[in-house]
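With chain L's structure known, arrange chains Y, R and G with the ligands on it following the hints.
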Amino acid sequence: MARMKARATAALSLTPEAVRKAYRDMLLTRTIDERQWVLNRAGKAPFVIPCRGHEAAQVGWGTALRPTDFFLPYYRDLGVAVSLGYTARQAMLALLGKREDLTSGGRQMPGHYGWRERNIITGSSPVGTQVLHAVGIAYASRLRGEDAVAATALGEGTTSQGDFHEALNWASIYKLPVLFIVENNEYAISSPTSREMAVQDVSERALGYGMAGLTVDGNDFFACHEATFQAAERGRRGEGPTLLEFKTYRTVPHSSDDDDRTYRSREEVEDWKRKDPIQRMQAHVLAEGLLTPEEDEALRREVQQEVDEAIGYAEQAPFPTVEDMYRHVYAE
Amino acid sequence: MARMKARATAALSLTPEAVRKAYRDMLLTRTIDERQWVLNRAGKAPFVIPCRGHEAAQVGWGTALRPTDFFLPYYRDLGVAVSLGYTARQAMLALLGKREDLTSGGRQMPGHYGWRERNIITGSSPVGTQVLHAVGIAYASRLRGEDAVAATALGEGTTSQGDFHEALNWASIYKLPVLFIVENNEYAISSPTSREMAVQDVSERALGYGMAGLTVDGNDFFACHEATFQAAERGRRGEGPTLLEFKTYRTVPHSSDDDDRTYRSREEVEDWKRKDPIQRMQAHVLAEGLLTPEEDEALRREVQQEVDEAIGYAEQAPFPTVEDMYRHVYAE
Amino acid sequence: MAVKNLIDGVREAMREEMAADPRVVLLGEDVGVRGGVFRASEGLFGEFGEGRVIDAPLGESGIAGVAIGMALNGLRPIAEMQFADFMHPAFNQIVSEAAKIRYRSNNDFHVPMVIRAPFGGGVHGALYHSQSVEAFYMHVPGLKVVVPSTPADAKGLLKSAIRDEDPVMYLEHKRTYRLVRGEIPDGDFTVPIGKARMVREGKDVSIFAYGLMAIFAEQAAAELEKEGISAEVVDLRTLLPLDREAILASVAKTHRALIVYEANRTMGAGAEVAALIAEEALYELDAPIRRLTGPDVPAMPFNTVQEENFMPNPEKIARAAREMLAS
Amino acid sequence: MAVKNLIDGVREAMREEMAADPRVVLLGEDVGVRGGVFRASEGLFGEFGEGRVIDAPLGESGIAGVAIGMALNGLRPIAEMQFADFMHPAFNQIVSEAAKIRYRSNNDFHVPMVIRAPFGGGVHGALYHSQSVEAFYMHVPGLKVVVPSTPADAKGLLKSAIRDEDPVMYLEHKRTYRLVRGEIPDGDFTVPIGKARMVREGKDVSIFAYGLMAIFAEQAAAELEKEGISAEVVDLRTLLPLDREAILASVAKTHRALIVYEANRTMGAGAEVAALIAEEALYELDAPIRRLTGPDVPAMPFNTVQEENFMPNPEKIARAAREMLAS
Ligand SMILES: Cc1ncc(C[n+]2csc(CCOP(=O)(O)OP(=O)(O)O)c2C)c(N)n1
Ligand SMILES: Cc1ncc(C[n+]2csc(CCOP(=O)(O)OP(=O)(O)O)c2C)c(N)n1
Ligand SMILES: [Mg+2]
Ligand SMILES: [Mg+2]
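Residue numbers (my numbering), protein chains in the order written: chain L, 20 to 351; chain Y, 20 to 351; chain R, 110 to 436; chain G, 110 to 436.
Chain L with its partners taken away, still in its complex shape (with noise of 0.2 Å):
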């Protein structure tokens, strides 16, 4: 199977209204993310996993399929958990690890998704480990005759781990519905691409598993988004997995304990600052006409109201309980 590369300039599936959700999901992803750290900095979230960059891949990837699909996202997709209904309220209950967390009433760290009723699986830290588990879930779907289609995230360093290696195999073995997203943003923490990979593109790694392979420019939300529907169009066709890598980039640093300058140069990020893809996103909402000049400022006002009542609340409210932590080690 050859390489292919695709950059899809719009989705034609897409309707102004859900182009203009797709460009606030982006907003309220990008707000959220920005006023994390401000309360890491201020000393009152310990801990803080950004996603600056990557929303446009995240939104685009999030919104392509069905509510009957399956979502393993990893750490840093918080575009994606945004695009499927979380709240910047879920997001700082997290954050501040609340009893009301959704994901894991305040027990994980921050940016550890998990929500049953929206088919997002929950996640680890380890990397890579839910790589398998997309295989396991298409593989359970298949059994019964549905059409669902597992999509999974995880960086490009996280590539080069033994369990990614095993899941694409049994994958493409099984001929299974599962997306394989690489969010590939240069760095593993400080560790550049070409420190984990011999080869230009995370696609190329497709090639030894016989998978479909394809790269997109990951700062393009229309492109991932078109990329992920076809890709699972396939799946559902029974064609199989397909290994997709968004190029983007992340403009702050690994997290709220990483420093970044220790590794790469500050042209390099202002380059990539200058390809953000919000205000890529944004150009083409006004151009479009889908959004005049004035309802963006509105938007933008109303996400940032909803990002700052989401704080007051979260800040309020209640930490779980001391007895709640022997709870759900087992079935009760």
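Heads up, a few of these hints could be off.
[Stated by the list, open to error] Simulated pairs of lysine-lysine, DSBU-like, Cα-Cα distance not exceeding 35 Å:
(1) L:Lys63 <-> G:Lys425
(2) L:Lys194 <-> Y:Lys194
(3) G:Lys312 <-> R:Lys362
(4) R:Lys312 <-> G:Lys113
(5) G:Lys362 <-> R:Lys362
(6) R:Lys304 <-> G:Lys425
(7) Y:Lys292 <-> L:Lys194
(8) G:Lys362 <-> R:Lys425
(9) R:Lys113 <-> R:Lys335
(10) G:Lys425 <-> R:Lys362
Source of the hints: derived by calculation from the structure; they are not laboratory data.
What follows is chains Y, R and G with the ligands alone, placed relative to chain L:
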């Protein structure tokens, strides 16, 4: 890097003496293997892991390297060990778990080679672990500025393991002189290649690593020898690792505990027996006049005697002592 | 009721549960056409088809991880690890994922799955086909660890494990597969996880064991009886959670605890049993606790002499009990 | 002699050993330009170059396996696992390979390597950045397991580990990195593996601990002293092999054993300590052995309330000691 297919016809570098020695190694390997099976069936040896069918591949790669190179064979690689000087006596001592067994003092199952003096690195049973050791070994040699190559072998089923992926990835990122030699015998116990990978040839797996990959007729001693030699030279020149696939077949069950009639037809086995690598080598040495038919006969008798003597010796040899069991847990 | 092998109990449990519940699937290396290298799944491929009896690619992390995914999406997978020794590559999936999914998701997700693996020595399996791995998993809350020692328990415990809502490590001592024979009740029945089995009542010394060692302990007790020593034998059966009540009750009765396991001594299962007794029943003890175990060498050697010496056996158990009573 | 952080001890040991011995190399995720996520290797990349300070691809089995290969071919690798929680994928390489290579080859090969990993909680690391993993490796003969609790020990023990001819698991409690300060002797020195450290002598109760818990135990003892209770604190320092003599001698003196560890209770390190005492010093005991530990829940929660409750601390230790004396 494109996948290459090659079938070398003869290794110009091999002297008549070297070819005769290789033929003898193959004969000795086969004879040991057959007699071990007989001993098992007679209730004298608890476990045998045969190599029948793999002799050309094994002696092919075992003879293509230098004494300063490193050898990381797997449990089926009797032929590799024999080509490096492992005797019938040693094979039988290991088979019966006797104290003099040089690989482990009777501790390991037969087929777990290891011989520091000859740079044969100790192997274990969990498949695929040695593939990473080869990478570390090659790294160490290069750090010291030496030109040694590390060659490791494994079955095609073992390419499904995570460690295989991590090893190829490391070796290709660091352009290390490692030869990954897959003895593809079409089955991992009962599991056919189609249940281990979605590609036709194991060598295609090289593509995802930007690594050279080569598929070779594994029943052709010369092709295996030549391909190994060339790949080692590439490695020494700093051109990185190579994935070599030797296509062959084991014409007997997986082990003395296996019953291969449960998973493959007798016709298939008979077909492959007709492609026997030893008959092919015999035809070559006779046709090229490297041995007369009489010399060939004498050689076979000599080998039989060597194995007879080895069995007699090993049967008489003492077991390890109880006290020995407590030794060598740590440096003493 | 018919007399059967222990491995028959394993096979019957799988067959009956698969027939009764379409959610149950089996995956592992060579479990399909081959019926498993020990033939535990013989016939299942023919009966339930390749969709439910799945020949996995060779990779234990993959098997465990895929099984977790299946369990997350409505199936009840039984993942077979060909040998317990080869489960180590799956350690991360089992410990980080299977064991923690319910807890980390605050009960939103859970993983009803069984991991089956043959463990233990005495079959010339050498270092890598003889290991006892139960101790590693006893330190992992979120898992259950089960070891049957009779055909009936093999069946009843495996059925409980398959029906359990949480991940269960179901470890089968491979030497018991065809060595241990016994009656298996007809029809559907289960044996509860978490309850020890009173093998034989006694009053002088309690012998705690599991798997093959429970069989050996029973033989030792029979021998001791001839000498007038009354040994109580408790088959722990479930190692996580331990049956604290049964252990403490037995110690309260006999005042002597002998713990037998084949695994490496240090930090083997019996360390926890000993610690439990020393915390909860110290004043009951009339003699120091004693552990009779495999030695602290990396694993069991291949050669007959050392293998025999590595394994505890009925003679060694009887001797240890005698010594405890003599002191 | 200067007062330094514990992590300085780690860094100095690596720097000095690398300077003294060209065979010593460091590999791990982000250990190079980044100097490690905790900055344990800061400066080493600049000093020793990318050939010896190696940024590994993201995969722990790979890191361990490659390190084993290096050790088999004349190097002395220090493999850093970014967090102990992420060591689980390397379990097979560590347990099947590193630990067994000398034994299985009958001394023909050996693997002088160190695996370093930050473990432990109390830093809002939640389930996957707080785990204590030492117990798993204590059950693996062929390995050594070391946990320092002072800057001087951090340096001296790491030097011993690097010079050791066998694989050493060197576990650093991440909360101690910058919390624990102390003097580090100038110049080259080592601290022997296998010897406990007498932190403080006492006569009423022995507290056995390691890592952060040894620090907390010392604080608890200071508190108890004010109340007239004389607690002896023994920092185990090496968990495999345990310093049996030191443990038994202390119990013979105080007749009470309190064992403190942060790991999950069941089958944590203290289970073996308790078993050892119950076997070898039962008649010395004036009170049941007591373990003060992390609870048996899968791992430490993120939120402050539950994290605090999970961790043992000086108050809890002092309370447990008091209760033991009162009973
Ligand atoms: C198994 C494991 N090893 C190490 C880590 C520590 N770690 C967290 S994120 C990360 C880098 C991941 O890089 P990549 O996959 O490219 O994703 P990105 O963070 O860049 O989005 C590492 C090494 C981990 N979480 N899990
Ligand atoms: C980690 C691990 N899992 C399972 C096994 C059991 N096992 C031994 S050989 C084998 C099949 C290996 O097949 P392949 O790699 O093709 O090599 P071949 O035996 O065919 O030469 C299996 C599954 C093992 N030894 N190690
Ligand atoms: Mg990245
Ligand atoms: Mg094979």
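>> Tell me the hint numbers this structure goes against, listed in increasing order.
In response: 4
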